[in-house]
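Enquirer: Letter by letter, the chains look like this.
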Amino acid sequence: MKIKLALLLLMLWLTLPLATIAARTTDLTKGANVVINSEETVFTVNSPGNATTVYKVNITILNENGLHRAKVYVPYDKLSKVNHIKGTSYDRNGKKIKSLKNSDIIDISAVSGGSLFEDNRVKIADLTHTMYPFVVEFEYQTTSTNMMFYPRWLPLDEENLSVAKSVFTVVMPAGMKMRYREQNLPSPVTIKSEAGKEVYTWQVNNLTPFKVEPYMPTFTELVPVVHTAPITFEVQGYAGDMSTWQSYGHYMNKLNAGRGELPETTKAKLTALVADAKTKEEKVKRIYQYLQSNTRYVSIQLGIGGWQPFEATFVDSKGYGDCKALTNYTQSMLKAVGIESYHALIRAGDDVAPIMEDFPSSQFNHVILSVPMEQDTLWLECTSQIESAGYSGSFTGNRKALLITPDGGKLVSTPTYTVNENTHHRTVRVKLDEKGNGVATAHTRYTGHDHEPYARLIQSASPEDQRKWLYRSISIPSFELNKFSIDLKKDILPEVTEKLELSLRQCATISGKRMFLTPNLMNKWSSTPNQLQNRQWDVVRRKAYTEVDTVIYELPAGYALEHKPNNTEFKSDFGSLKTNIEVDGQQIKFVRTLQINDGRFKPEAYAKMLEFMNNIVKTDAQQLVFVKNIP
Amino acid sequence: MRTSFTLAVTFLFTLLFTCSHRGYAQVAKFGEVSTKELSMQHYPLDTAAEAVILFDKAYTKFGARGVSTERHIRIKILKKSGYDWANFKVPYLVKGSVAGIKGYTYTLEDGVVQKTKLDLKNAFDEKFYEDWYVKKFTMPNVKEGSVIDVEFTTYLAAAFYNLPAWEFQQTIPTAWSEYHAEIPEFLTYKFLMQGYHPLYYSNKENKASGSTNYKNFQYTWIMKDVPALKEESFITTLKDYQTKIEFELQQIRYPRGTQQISGNWDEVTKGLLQSDRFGVPMNNKGAFKNIVVGLEAQTKVPEDLAEKIYHHVQGHMTWTKGNGFGTSNNTLRKAYDEAKGNVADINLLLVTMLREAGFDANPVLVSTRENGRPPKDSPLLSRFNYVVAHVVVNGKEFLLDATEPLAPFGMLPPRALNDEGRLIKKDAGRWVTLNPKTRSQYVAIEAVFSPEGSLQGKLTESADGYYALELRKKISEQGEGKFAEDLTRELGNYSMSKPTFENNEKKNQPFLIKYDIRSTGTGQNQDIIYFNPLLGFVKKDNPFKLEERLYPINFSWPSDETIIAKYTIPAGYVVEEAPKSAVITLPEEGGKFTFMVQQQGNQLQVMSRINLNKTLFYVEEYTYLKEFYNQIIAKQAEQIVLKKAAVN
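Sequences listed follow chains C and Z, in order. If you read the first sequence in the UniProt record's numbering, its first letter stands for residue 1, the second for the next number, and so on. If you read the second sequence in the UniProt record's numbering, its first letter stands for residue 1, the second for the next number, and so on.
To be clear, the hints were calculated from the coordinates, so they are not data collected in a lab. Note that the coordinates shown come from a computational prediction; the quantities given were computed from them, not determined experimentally. Among the hints, a few may not be true.
[Said to hold, decoys possible] Chain Z regions said to be covered by chain C (calculated; three or more residues, Cβ under 8 Å):
#	stretch
1	482-490
2	533-543
3	630-641
[As the list claims (entries may be wrong)] With beta-carbon atoms standing in for the labels, derived distance ranges:
#	chain 1	residue 1	chain 2	residue 2	range
4	Z	E470	C	N93	20 to 30 Å
5	Z	Q598	C	Y132	14 to 24 Å
6	Z	K473	C	D91	56 to 66 Å
7	Z	G358	C	S527	52 to 62 Å
8	C	S527	Z	N284	28 to 38 Å
9	C	H68	Z	G324	19 to 29 Å
10	C	D91	Z	K239	34 to 44 Å
11	Z	A339	C	D358	45 to 55 Å
12	C	D358	Z	Q114	24 to 34 Å
13	C	R152	Z	E397	50 to 60 Å
14	Z	E397	C	E158	40 to 50 Å
15	Z	S211	C	G258	52 to 62 Å
All residues carry an ideal CB built from backbone N, CA and C; glycine is no exception.
Can you make the complete structure from the sequences, with help from the hints?
Expert: Spelled out as structure tokens, the structure:
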């Protein structure tokens, strides 16, 4: 009887690929390159410091655009290992193509490009086949001792993918609890007790492909997700509690403890450095300046899952470190001159999902330093050799940071930069000749987010490369850049001043006796996003900014105005555009003020946004027409 | 005229070893850093440099542990943007090693030299891939103005005769680059020098080997004031322009005779044809008899048959993205049955099937654009990384590559378009030009103006050659629906409807995109209508903006961009002003721009055509090319003025 059952199961197993390919005829294949027929993740916590993950998946790959799913990537590092990887592929008739051999698995370093050293590696198992559709099955097991991170379940993890069935299970040992956060799920968790163990299970069925749209919210905000996190956990002998932000902070304090000592000689040097500084702010700036001129950022991700900094003495003697090490070093230096400051964990990046404030967990990828001042807070980015003290910008601004204080962790906000702070103000003066060629000077002042590309250019590009960059980014059809300068003024709101001297080819177009002039010289919009028949998602604009361009032309003698575009003014929820043209004899003054708002708008607003954007394109293409006086 | 590059190479070859024995400046010893080096504020020959290699010296010799290279490099860090030059990554093989690493950072601070030693405890060994490891370390206390002095020795035990190349040029300037190679007299190498910078000194002298049986030759090559290697657009790969010397083992002399390692093309061809992974698999053409017979049943016309065989292999086989010219399976039949393979599996299979059908078909070795220049001076197989098929049909030659699923018969994919390939054929080998098809875009507009000045009509875009390939690839990735949606736009005063497509499946015909267009409110004065006759299908940006050009401009393909627009003028209006017709040509028929305006009754026709016939333009032609585009941009921007006729 037992044998029969086993045989039956075996037969079922063998016919499974066939059955799953048959599932292709349902609507799960519509718009899909890949169908996940079944997926199961079981995360078993064995103790506060150890867990096992078993992952099984059966996938139909429908065409070559889904071929990347015929490979499975299993990352590991010093704190985790891959116990096994198995895999089998089947053709469209359910006939086995091959089983994964060890030689099909490669093992490579997974160190990110800018990093000098990390111990991250990845095993890649490849079952690429070329007659579509085909089925791949993978199973792997990993063990981890880095328990700061519990898994995130994201069954619909890319475009053009559908899911027939996906199950996520977390098994907790007797007496240990975990935490979870559900999002966009059709049905919530089921919790069962089995032999003293608590078993949490989530399941989704028949998820159809996700459609990406321009200016949509963050992908992970829109699809089914379960986040999980520990209450008590342990990494390499360091035990902690993650149930509150406060306790998370206590854990970080443990990792940092005793790593902030500085040699007496350095302390004495720093004391002398700030001796005649009049204010606290001045002291902080001097210490920050000292950091910037004596250290450099080198990415070396090691120690307690990458979260324990090098000791301050190391940075002091070697002059380099990663974000934690440099932050820790700066904190130590400030302490040496009697100023208190705190590490602040942050999710850095230009376009990242916000921190889930209601769910204390490891959501960070960077550390900066927060210095409380009398009224405000001064934020220091310790990995930059050029950043202004106090400026957060698009990398760390406008989001929550976890402040690591002696009383534990505390979520606080970093500075937000508004439509009035992210700006460019430009004045261009152009002198045109008879042929429509011109010489021009363009002076631009960039602030806030708008100053960042230029500050980066100053930090990382040689003058020769700056020149090439300007040639690429100045949007005038043909010109020569005769002279340029870019200067950074450091401040809480830093500023870059750019001065250009240009020769312009055919700035105005001469056709017979007429001269055509597009007054918007170098800040034209020329494209709009495509139209969508049914907009599904909210429209999100992440950047708010203001641009004011003034262009003053001096015409050659003998031309009379034939046509002048009307002054325009467009206002919408997405921003506003205002242009004004004045012609006074040979002088033309064009002023364009564009303001773009940030915000979140209903899907229906998309058409309105396109209309607003197209009004900008239309306005920017407007021309003045002059006719030559025939004497 | 030959390219200036080849000229440079020839020049260097004559210079090699003929240089008079003048003395050369001595490289300072490790640790002896001068005040001049420490106080340098900028590098006089390139004041914009972020860092400069003060000298880079190495000595390679053969010993008991294989080939060892002792290297001593000194770098001056001038700007913060040059800090990365203090990070070292030294690759080595698992059987070899990196040893004897020593390093110091010197910085002048308030007139005092601060010296910090590299602590090897902070160095890492990282397994990179298979047998390759990387030794990584970073220099301590680096600041603007620091001088770093580093030495180490690498051992290449695994590749005894494989002398590493010496790169005189890096992406920062090098003031002094000195390479010595001490080679036993029984090993004969060919020296392959490339690049634009001349040798300052070279020498060959006898040296005792430590054995009485043979002596060594000590070679020296020195370059001085080597500029930074700079990236430019429209080049094959930057590697092709770097000044360096490479070594190719020609022969090994043993007491009892000589072993020839690399020979002439005849010998290389013979070897390839006897190779289990090249010539031999192609011998079993009978394995494909049934398939070929099946295709022959469909057509008797030779050209059609060759095309059918090509499309059969193209459709049946999937390229695993693997390059090389050796097959991965010993039999091509096995590759065929698995329906996948590397480029050699696929194209040697194609050759074999064509032969089975009676065609004169042979493989052609290719170096892809990314891989660099093909070895036209020497039969160096290691320089090839790709293979395509050559077939003669009715006296006409075709180059075929069945790895590219969307390419028509006779079109090589862009990656393979690199100068010439070597036809591998017994007693009839030769170089064949890897001719690209033209990238062609043809836009036809037919539109009618209403008396109110708005415009309505049709626009057809026709894509051929590499442009068609690009678009077909996009459609295959995105699907027709999404691709059409992406093209549906309201842009400025014009709106383009959701387009329809034609000929997506017919690869040897142009791919067509058809739109309805109309102008939306222009807000213009109704008595006068101004408009650009090319409706925005104009060059908006000169691809050549920089004043200077260092390397020849190497386009992948010739191109043809044509726009023909026909307008019906509304009753009661006359053409007040229209651009003048013009023709602009590049020297030696390299390119031509034609702009024509014609009026017949109420029909106005405008044509703009840009042809680039050549794919290689020398540095001397750069200014012409730049000016060519400047003039195109200016002409294409010109306007037409329609005016309401005065009523009598």
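Enquirer: Each hint should be assessed against the structure and marked as holding or not.
Expert: How the hints compare with the structure:
Counting residues of the stretch 482-490 of chain Z whose CB falls under 8 Å from any CB of chain C gives 6; the rule of at least 3 is met. Against chain C, the stretch 533-543 of chain Z contributes 4 residues with a C-beta closer than 8 Å to a partner C-beta. That satisfies the three-residue criterion, and the hint holds. Coverage of the stretch 630-641 of chain Z by chain C holds. Counting CB-CB distances below 8 Å, 8 residues qualify, and the rule asks for three or more. Distance hint check: the CB atoms of Z/E470 and C/N93 are about 36 Å apart, inconsistent with the given range 20 to 30 Å.
The hint said 14 to 24 Å for the Cβ distance between Z/Q598 and C/Y132, and at roughly 52 Å that hint is violated. The hinted window of 56 to 66 Å between Z/K473 and C/D91 is violated, with their beta carbons roughly 26 Å apart. As the Cβ distance of Z/G358 to C/S527 is approximately 54 Å, the hint placing it in 52 to 62 Å holds. Between C/S527 and Z/N284, the C-beta spacing of about 55 Å breaks the proposed range 28 to 38 Å.
Distance hint for C/H68 and Z/G324: a CB-CB separation of about 23 Å, consistent with the stated range 19 to 29 Å. In this structure, C/D91 and Z/K239 meet the distance hint of 34 to 44 Å, their C-beta atoms being roughly 41 Å apart. Checked against the given bound of 45 to 55 Å, the beta carbons of Z/A339 and C/D358, roughly 52 Å apart, stay inside it. In this structure, C/D358 and Z/Q114 break the distance hint of 24 to 34 Å, their C-beta atoms being roughly 51 Å apart.
Judged by the Cβ atoms, the range 50 to 60 Å given for C/R152 and Z/E397 holds: they are separated by roughly 58 Å. A beta carbon spacing of about 45 Å between Z/E397 and C/E158 agrees with the range 40 to 50 Å that was offered as a hint. Remark: the range hint 52 to 62 Å for Z/S211 to C/G258 is upheld by a beta-carbon distance near 60 Å.
Comparing the model with each earlier hint shows violations of hints 4, 5, 6, 8 and 12; every other hint is respected.
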